[in-house]
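Once you have looked at the hints, place chains Z, W and P on chain B.
Residue numbers (the working numbering), protein chains in the order written: chain B, 4 to 362; chain Z, 4 to 362; chain W, 4 to 362; chain P, 4 to 362.
Bear in mind the hints are in silico, worked out from the structure with no lab data behind them. No experiment lies behind these values; they were computed from the predicted model shown.
Given that identical chains are not distinguished, each listed pair holds provided it fits within a single copy or across any two copies.
Straight-line C-alpha distance at most 16 Å; calculated EDC-like pairs for lysine to aspartate or glutamate: (1) Lys204 to Asp331; (2) Lys145 to Glu40; (3) Lys101 to Glu75; (4) Lys88 to Glu63; (5) Lys88 to Asp48; (6) Lys190 to Asp168; (7) Lys37 to Glu75; (8) Lys145 to Asp42; (9) Lys56 to Glu200; (10) Lys275 to Asp316.
Protein chains: 4
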Amino acid sequence: MASTFGQLFRITTWGESHGGGVGVVVDGCPPRLKLSEADIQPDLDRRRPGQSKIVSPRKESDTVQILSGTFEGKTLGTPICLWVKNTDARPEAYAEMKAKFRPSHADFTCFAKYGIRNWQGGGRASARETVGRVAAGAIAKKILRERFGVETLAYVKQVQKIIADVNPDQVKFRDVESNIIRCPDRKTAEKMIRLVEKMRKAGDTVGGVVEGIARGVPAGWGEPVFDKLEADLAKAMLSLPASKAFEIGSGFGGILLTGRQHNDPFRARRGKVFTTTNFSGGIQGGISNGQTIFFRVAFKPVATVMHPQDTVDVHFHNTTLKGRGRHDPCVLPRAVPMVEAMTALVLVDHALRQQAQCG
Amino acid sequence: MASTFGQLFRITTWGESHGGGVGVVVDGCPPRLKLSEADIQPDLDRRRPGQSKIVSPRKESDTVQILSGTFEGKTLGTPICLWVKNTDARPEAYAEMKAKFRPSHADFTCFAKYGIRNWQGGGRASARETVGRVAAGAIAKKILRERFGVETLAYVKQVQKIIADVNPDQVKFRDVESNIIRCPDRKTAEKMIRLVEKMRKAGDTVGGVVEGIARGVPAGWGEPVFDKLEADLAKAMLSLPASKAFEIGSGFGGILLTGRQHNDPFRARRGKVFTTTNFSGGIQGGISNGQTIFFRVAFKPVATVMHPQDTVDVHFHNTTLKGRGRHDPCVLPRAVPMVEAMTALVLVDHALRQQAQCG
Amino acid sequence: MASTFGQLFRITTWGESHGGGVGVVVDGCPPRLKLSEADIQPDLDRRRPGQSKIVSPRKESDTVQILSGTFEGKTLGTPICLWVKNTDARPEAYAEMKAKFRPSHADFTCFAKYGIRNWQGGGRASARETVGRVAAGAIAKKILRERFGVETLAYVKQVQKIIADVNPDQVKFRDVESNIIRCPDRKTAEKMIRLVEKMRKAGDTVGGVVEGIARGVPAGWGEPVFDKLEADLAKAMLSLPASKAFEIGSGFGGILLTGRQHNDPFRARRGKVFTTTNFSGGIQGGISNGQTIFFRVAFKPVATVMHPQDTVDVHFHNTTLKGRGRHDPCVLPRAVPMVEAMTALVLVDHALRQQAQCG
Amino acid sequence: MASTFGQLFRITTWGESHGGGVGVVVDGCPPRLKLSEADIQPDLDRRRPGQSKIVSPRKESDTVQILSGTFEGKTLGTPICLWVKNTDARPEAYAEMKAKFRPSHADFTCFAKYGIRNWQGGGRASARETVGRVAAGAIAKKILRERFGVETLAYVKQVQKIIADVNPDQVKFRDVESNIIRCPDRKTAEKMIRLVEKMRKAGDTVGGVVEGIARGVPAGWGEPVFDKLEADLAKAMLSLPASKAFEIGSGFGGILLTGRQHNDPFRARRGKVFTTTNFSGGIQGGISNGQTIFFRVAFKPVATVMHPQDTVDVHFHNTTLKGRGRHDPCVLPRAVPMVEAMTALVLVDHALRQQAQCG
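Okay, chain B solo, but in the shape it has when bound (with noise of 0.2 Å):
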């Protein structure tokens, strides 16, 4: 099941950075949910390099097909497949890779796992491959949004040492999508571009953090035990390419507190309970409990840098590697539909879980 996600809400990828194309097939969607192309190519066209100067320059207009599991514009709870073309295909590129390791990326990995790799690119590795989760992702979050009242969210919190100030309870989707950073802290924001681009210019990379949150997630989604929402969060996010770190509400930072102060006090108010904090970030036990759930993931620079590196070759001998052309100096803008994606898919696979079990 290395290409598949979720339980009962299934994704499974599919497709090379250079091949055919890239895909996503999702089995167990709902039925009769209206559902055509219009409502997954806006998130790809938020995911999709070249969509600003601070981001990769490769031009691919992403256009998505859907193949399958639809009929007069509504889901009819079949699997529906989902198409994108590779077309800026230039092996050219990466001649240099067919002979070399890239330093940080998954190419000597993938060859001792497998004893072969697609060098034209990164292969299954390349964020390419996100094309299919993003697609589903955007399916995900109709259903979360029209059957279930919940609203997901993601923003770029952290660029290297720049911090935004963002409230998770009341950010709002267009302040995200105010800027090419995807900060919706604009002072910050711009703070933020003026680094990446320095960056680009010095043929180097920088990382940080994006926050992800979902607001109106009902008390109860989630599991007891090794499902936990949290822990299926946090594997979803570990899933995406770069990313080396997630923390759930006080996450690193609550260990500075005693239990007197970390603790979320209970309260009650017209038959509704809730807490006065929220160092759990909306889920105790592994179960949501009402609140706005919020995280944070971190993801490290890009790998491709401009400067000749130590590596080696396939024949494992020393040699030195240096990228050309191209080069991506931020994922984080293309990161934050990714963890927007990858929320709304654990969210909604446990909302079925929900409606499986406990009725």
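Showing chains Z, W and P alone in chain B's frame:
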């Protein structure tokens, strides 16, 4: 599959903190492995309450019985059921919990989910559920050690602000076990122990960080997309009670570096490839690269404190609740075997998956 | 997942015919279902050896204990572990089996697979493994009955050449239980019993057919492709020890008809759709159509006979083996509760799946 | 997992008979297997309509494209997406189906399940869905042949009352393919063809039996409990459109024998164990014993006939429906490659499972 973990080496835990006991069924274990209770009990002893003055004083011997899956001291390849009876059930200690939800516990969320809960303890959300994980993990560790030459280890890296200095490439099991906090840096360990004792006396609790490592993992374990090795580790760790964060290799700290600084250069010596730094934490693109795997897990301060706290009762009226009798000031020493167990379960599963596909 | 059955109502059986006992973990059971041992024991009594003169005389009370998953007489929604201790282990009865493989048993194939086997009985291939299935099936039957108004039933339809006349739409449980062969056609039942007794005295064995039915299943359960309701039933039935064949509705006999004869005409009355014949057996295209579901399962004659038979020993030398002591002349009366259990497990799983996706 | 089959060699089919096409994603395929469209197309040609005068005259070339998972003619170990475009969609041919449910088709049950259906053909219940299975099966067959020395084969054993005489141990592929009904017993094949032609002219249809075999399977494949080899084969076969029954080895016929007659004696020669009869059909206790595996599958007469039949419309009013234009008198010749494909998919999955656990 709420209570099942793993694809090929699958464990299903069962049991509540109060009831007939807790246990685990391990399915997919290779046949002809020497196995007796003596292989499992030591890790359960490291996990159990009452083992030292700085952990929960609950008194349970946690004696494991193998109910199935072995014959004449060897595994049969069939499901291994392990059972630990409950002996220290004291329902009267929980009487107040029948009426009130404990803050930052799973009482409220479990009730919201199921409409029923075992109020005599934490039910499935209780740390007692981890008995099954640790027991199964002992088997996984044995397979890794004997069949794959892989060593898994964990230790306390940080308690509140006190941080230990430990070298993941060289730390030894006996150093971890040399003190009751399970920190191999002995001087720092003493400070940690003093802090935990102070907290216990104050009726308060404290959190921290456990570092987990795996040495000897060959290049090639893990999957390139959803089931990345770090993604499965993240899920495994965030499924542990009280955990709030996970980072692999450079983690959150890595975002302060640029790509040039953060990349791990490959070098080769005598036909063997290695990296000269290890910001990747032994995993690249979801697949092990042959270097030491290391990661950190944050555990929040234990929620039960000996002070009155605001909460609601089961009728959703405001009230207060104060912990009484027993209290666990710090989960970290007992979290160490849990982290080891989950690490081993993830790795052995991927070892078998690699054997299945790439054979 | 060798020992797990079901997607949402999942059971994992464990245990060998000789060892600490046999059992099952049921994961995914809806919460707040009234459940005690008294709901489960009657079906185990129908399954156990020694219940009449025409079945295996092994003496085991097969008393079930609920180890987890209930509280104050109701299910918690958490894993239910059921355990039946082994009491009649007589290793000496199996001494010869240590050295020789029994013909048409799983001794040789288990050894070929695992390189080890528990020769004290049939290990996992023993009919004793079905204790867990029947126990879990009792829960499934209760859910179907109380929450979905569905009744599941099975009975002996044929013993060797003796065929009973039974109407699947009207047969009642008390008619099935009115005799020791479990055939609701009483006259035929007497003939069957006489044949089985004759076989027992001759040290030989006899097989036959069990018919399984489900009444009250609403239209819409099942999946259109791989997890067709009849496909899951076929797998469930062929997973029972000694079963060799499965047919739904018209089955093998249906191929003697032409399409015109075989099609089931739809009719409607007061807004309700039904078919005027039921060659489909209540399932069309993998999905229930609201008519009675019925199918037949063939069980071969039990392999252990009281006569010397050619076989090989564990050193692969030719030898002979003769059953001794006990001998089960006919598996059919005990297969009836097994067929019922597996039917219920398939149906409740699909009920929950339907609730998840289309609910 | 409604559209996914297999644990380790997993296929997910997608697509409706009318829409963007049909396809399959194969996940878990071993790397470095030579693979091109030329390995797959021949089996699709054996499956497609219009191949002879005795099958459905629908005209589709069913040309397969590999969209992912291969590089320079070899598998990468990553998901293989195979796609066959729809070309013969003629919605007008289905206009009447918009308003009426066809008897003994899945029209009514699909609507009952999902509340929506693609009335332009059979949707997922259409035989067209099997394109993906047959394509994936061609890969499975190649792996079995090249890496495990296993041969899978199927042929028509019976059409209505006409039964062929075939020896499962010796029948050859070229004999199967020597005539359009795919029965290796040529004399009987002629009679079968005449019967089917007669039925076609009469606007009626006829069913029969396909026998499937696997030769060269080593002892030890399969699981002892739920995932018995025969259980997975039964599920695979009953998941094929129009199948109604499955029997392995002696099947229903075996119940006429006593245990003494039915048991397969073991013998050994030069260190190799075999059985002198094969009532078991090559599987004992769910695990292969090294003998030829053989089984039979019953397919009902095709439901679409050229005569008016009673049915109901979508408003649940009584009406009649008559097939028009095209009509497939017998599914058997096209079912042969489907049975082969499903057999190979089951076997390769168990081969990888055996490699994982016991390898």
